[in-house]
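*Asks:* Make the full structure from the sequences, and use the hints.
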Amino acid sequence: MARSEPLQGLFVRTRVDWMQGALMAGLLALLFAFILYPIMRVLWVALVDESDQLTLIHFRNFFLRPLFREALWNTLLSGSLVVVFGSLIALPLAYIIARYEFRGKILLQTLATLPLVVPPFVGAVAFQQILGRSGTVNLLLLQWFDVAIPFMEGLNGIVLVQTLHFFPFIMLNTAVSLSNIDASLEEAAENMGCHGFRLFRRVTLPLMLPGFMAGSLLTFIRAIDDLGTPLMLNYKNLLAPQAYLRITTIGIDDVDGYVICVVLVFLSLASLLAARKYLSLAEYATVQAGRSVSQPIHGKKLGFVLFFSALALTIGLLPHIGIFLLSLSKVWSFSVLPTSFTAENYNEILFRVPHFIKNTLLYTGLAAGFDVLLGAAIAFLLLRSRLWGRNLLDALATLPLAIPGVVLAVGYIRVFHGWDFPGVGAPLTSTWFVLVIVYTVRRLPYTVRACYAALQQVHISLEESAQNLGANRLRTFLKVTTPLISGGLIAGGLIAFITSCVELSSTIMLVPRIELGPISYGIYVYMQSALGRGAGAALGVVAILLVAAGTYLTHRVFGGRTGSAFRV
Amino acid sequence: MSVAQVRLEKISKKYGDLWAVRDIDLRIEPGEFFTLLGPSGCGKTTLLRIIAGFVLPDEGTVFLDDKPVNLKPPWQREVGLVFQNYALWPHMSVFENVAFGLRERKVPRSEIAIRVPDALARVGLAGTEKRRPSQLSGGQQQRVALARTLVVQPKVLLLDEPLSNLDAKLRAEMRIELLKLQRDLGITTVYVTHDQEEALALSTRIAVMDAGQIVQEGSPRDIYEDPRSRFVAEFVGKSNLFSGRVIQAGDELAEIKTVEGLVIKAAMNACGFKTAAGREITVYIRPEAIVLARPGDNPTGTNRLNGKVAASAYQGSAVDYEVDIQGKSLRAHVINPKGKALFNRGDDVVVIFDPKDIGWVTGADRNTP
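Quick mapping for you: the protein sequence lines, in order, are chains X and C. Counting in my numbering, the first sequence runs from 1 upward without gaps. Counting in my numbering, the second sequence runs from 1 upward without gaps.
Since the hints were made in silico from the structure, they are not lab data. Please note: incorrect hints may appear among the correct ones.
In silico DSS-like pairs for lysine-lysine, Cα to Cα no more than 30 Å straight-line [to be verified]:
| id | chain 1 | residue 1 | chain 2 | residue 2 |
| --- | --- | --- | --- | --- |
| 1 | X | Lys300 | C | Lys72 |
| 2 | C | Lys72 | C | Lys10 |
| 3 | C | Lys356 | C | Lys340 |
| 4 | X | Lys300 | C | Lys14 |
| 5 | X | Lys105 | C | Lys14 |
| 6 | C | Lys356 | C | Lys265 |
| 7 | C | Lys328 | C | Lys356 |
| 8 | C | Lys130 | X | Lys277 |
| 9 | C | Lys257 | C | Lys238 |
| 10 | C | Lys238 | C | Lys308 |
| 11 | C | Lys169 | C | Lys338 |
| 12 | X | Lys301 | C | Lys72 |
| 13 | C | Lys14 | X | Lys301 |
| 14 | C | Lys155 | C | Lys72 |
| 15 | X | Lys330 | X | Lys358 |
| 16 | C | Lys356 | C | Lys238 |
| 17 | C | Lys257 | C | Lys328 |
*Replies:* Listed below in C-alpha cells is the structure:
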C-alpha cells in the first residue's frame, strides 16, 4: 500500500500535465496560425525579391520615395503631437482625480473617460461639422470676425481628433500610477524637509512616470494604427492609409504596401516594448500601496479645478453632441446648426437596413466569447502550469497590441485568400467569420490581461484548500476558481466587445460584401456620400450607445478599476 | 545634536463623529524614550502624526522646546519620523535615500559623501549604498529608514511601530540595537507600539492609550506592577481578574468573596490600598505569581484554591497552565520547570498565591505614600 502511493501520485501528475500540454500545444498552434504566421508572411513579402532571395531593396526604395518618407514623418509627427497635446489635457485631470476630493469628482471621472466611447472616425465626422472649413465655429467666426481657423485641415484635423479621443488612455494610466503611490513616501520626504514643487519633482513625478510613459506609448501605438480617421478626413499621407490604398487600389501583390506594413509594425513593436519596460519599472510603486493621498479642496483651488475640468471636458464631449445633432438632421451643411430635423435616419438604420447592427452584435458577441475562453485558458496556463512555452504563449498573446489592424488584415488576405478553408467550402476571407477571427485576435491581449489579473488575485492556497478537502481539479475550478474570477472574465469579455464594436482598421479591408459589414463599416460607407451622413451618424450614435453600455457594465463589474483594463 | 522637549496641551482630533484622540496632555523630557502603547485604533499613531505635523489637531497645541509648532508644516519641524512600512523611495538607491534629507538641507556634497556612509555604518549597513531598497531584506530596509532619519540629526525621533513588520527573532535583535542606539545618541524618542513587551523593554516612560485617551502614564515598572484599571491590567501583561465584594477588612488583610463564590485574602495597607467591607471590588493576580501544588503534598499558604488542570502548554523556559476552579478559569505561568513536577490535563491541583501579590484595579482607594 505504502509503495503504491507514490506511483499513484506520479500517475495523476503525469495525466494532468498531459492535459495541460495538449491545451498549451493547441493554443500555441492557434495563435501561430492566426497571429504569427500572417505577420511573417507580410514580413516575407517585404524582405524577398522576385526570385525569393532575401533583400532590403524594398526598404531602400521606400526611403528613396519622397511620398513615403513624408508619410513616415507625418505618422511620427502626428503620433507624437497626439501624445504631447493629450498629455496637456490628461496630466492635470489625472492629478485632480487622484489627489483631490470634491463633490462631482465621480462625474468628472466618468465624463473624462467618455471620449473613448466615440470611435475616432465617428468623432472625425462630428468635428468636421463643428470645426471644419464650413463647420459651426468657422461659420460663426466668418460671420463675426471674417476669419477662419483651419482646425481640421490636413494633419491638424487628425491630431485634433486623435488627441481628444485618446487622452483618457494617458489620464487613466497616470492616475493609476499616482494613486498607487503610498502616502508615506511623500510624507517621508516632507518629514525630511522637502515640499511643494520640489516634492513633486523629486518623489511624486519619478514614481508616476512609468504609468504616464506607458499610457503615452499606448496612445502612440493606437494613434499610428488608426486608419479610420485619416480616411474620414480624406488625408492620405500617413503610413496606415498609404498601406491601405496600396493594397486596395494597386493589388495584394504590391510590395510597397507590405513594406509600409513592416515599418508600422516596427514602430508599434518598439513602442510596446518600451511601454512594457516602463511598466515593469512601475511595479515597484505598487508594492507597498497602502493609504494613498487624496485631500479635500475648497475655494479658489476648487474653482480652478472645476474650470479646467469643464473646459477640457466640453471640448472632449463636442463629438458626442455633433454626431447626435447630425443623426437627427435632414441636411447639415453650410449652417451653424442643422436646419431641419428628422427621425428618418434612425428608420433607415434600424428598420430598412438593420443588418449593420445585427452583424456587429453577432461578430463582436462571438469574438468576445472566444476571447474569454482563450483568455481564461491562457491565463490559467501562464499562472498555474510549469510547462515549457509559457513565455512564448505570453508573447504571442500580447503581440496583437503591436500589430496595426491594417497589417493583420493584409496578412489574412495574403494567407487565406484564394484557397478553400477546410470545412468552410470557400476562402476564409470571403466569409464573415474572418471578421470574428480578426476581432478575437486583436482584442485577445485585453482579455488575457483581465483574466490574468483576476486569476492572480486567487491565491493558490484557496484552490489547494479545496483540493485538500476532497474536491478534484475540475470541481475546484468550477466551485472555487470560477466564481472568484468570473468578474475578471466578464470584464475581459466586455472590453473585447466594446473595442470590437468600433473596429475599422482591419474591418474595412476584410468585409467580403457590403451586406456582411458591421456598424463601423456601415458608418464608413454612409459617410462617403453627403446624403448618407445622417444615417451614418445615426449608426454612430448606436455605436456610442453600445460602447457606453459596455463601458458602464465593465465599470460595474470591475469597480473603480476600469483603468487597469486599458493598461499595457 | 540638540535634543528637544515635546509637550502636548489639550490635544484633540476628531474623524467624523469619532474622537481619534481627546484631551491629551503630555510632557516628554529631553532624551527620554517615551512609548505610546495601546491596541490598534486607540489613537497612538494619530498622536505621533500630530507631533510630526501630518495631522492638524482640532484643538490643543504642540510645543517643541516650549515653542508652539501647530502652524509649522511637517518640513520645518525637525522631527524625524520612521514609518511603519519604512517608506523608502523605490526609485532611489540606498545612498540617495539616506542623502535625501541632507540635500534638502543644502549640505555640501563633500559632507554628504561622509555622513551617509557614517549613518549606514552606524546601523550596520556599510557598503550597501548602491543597492535599491527592493534588493534589501525587511530588517535591512528598517535600518536604512532609521539611518535616513537619523542622518539629518532631528531634535526628536518618532518611531511608528518600527518592528512590527519583522519576524520574531529579528524583532528581538532590533529591539536591543534600537535601545543601544537611542541611549548612545540620547535623542528624545517617541515610540508607538501595540506590543507591551517592546514597550516595557525599551521605554523610560510609557503612556497606555485606549479609545483616544491616555489611561495611565508611568515608568515600565509602574505600569506593569501597579495597573490602575482593568484595561491596563489586561493589556500590559496577563492578569487573572476577580470581581466580588469585600466581606471583611482588617488592618493587614481584606477578605473578598468573588462572584464565583471563591474567597480570596488580599494584603491591604502594606501595598498601598485601603478598602472597606461591603465595597464592590475588582482585583487581579499575575499568572507568574501563582504556584501550583499537588493536593496530597498538604501545601501551606494564605490563599489556597482547589482546581483541575484544563490545559497545559510546555514552553521550555516555562509552562502555561489553565486551571479550572469552580467554573472560573485561572492562568498560571510556572517558570523554569526543569526538575519540577508537571501537571497534565485533568490533574487535581492546589492553586496558591501570596496576598501581597494581589492588586486592586477598582473598588479600593490608594494610600498616597
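*Asks:* Could you run down the list of hints and mark each one as holding or not?
*Replies:* These are the hints, each one checked on the structure:
no. : hint                : verdict
1   : X:Lys300 - C:Lys72  : 23 Å, holds
2   : C:Lys72 - C:Lys10   : 18 Å, holds
3   : C:Lys356 - C:Lys340 : 24 Å, holds
4   : X:Lys300 - C:Lys14  : 26 Å, holds
5   : X:Lys105 - C:Lys14  : 25 Å, holds
6   : C:Lys356 - C:Lys265 : 9 Å, holds
7   : C:Lys328 - C:Lys356 : 21 Å, holds
8   : C:Lys130 - X:Lys277 : 21 Å, holds
9   : C:Lys257 - C:Lys238 : 22 Å, holds
10  : C:Lys238 - C:Lys308 : 20 Å, holds
11  : C:Lys169 - C:Lys338 : 24 Å, holds
12  : X:Lys301 - C:Lys72  : 22 Å, holds
13  : C:Lys14 - X:Lys301  : 25 Å, holds
14  : C:Lys155 - C:Lys72  : 15 Å, holds
15  : X:Lys330 - X:Lys358 : 25 Å, holds
16  : C:Lys356 - C:Lys238 : 17 Å, holds
17  : C:Lys257 - C:Lys328 : 13 Å, holds
In this structure, none of the earlier numbered hints is contradicted; all agree with it.
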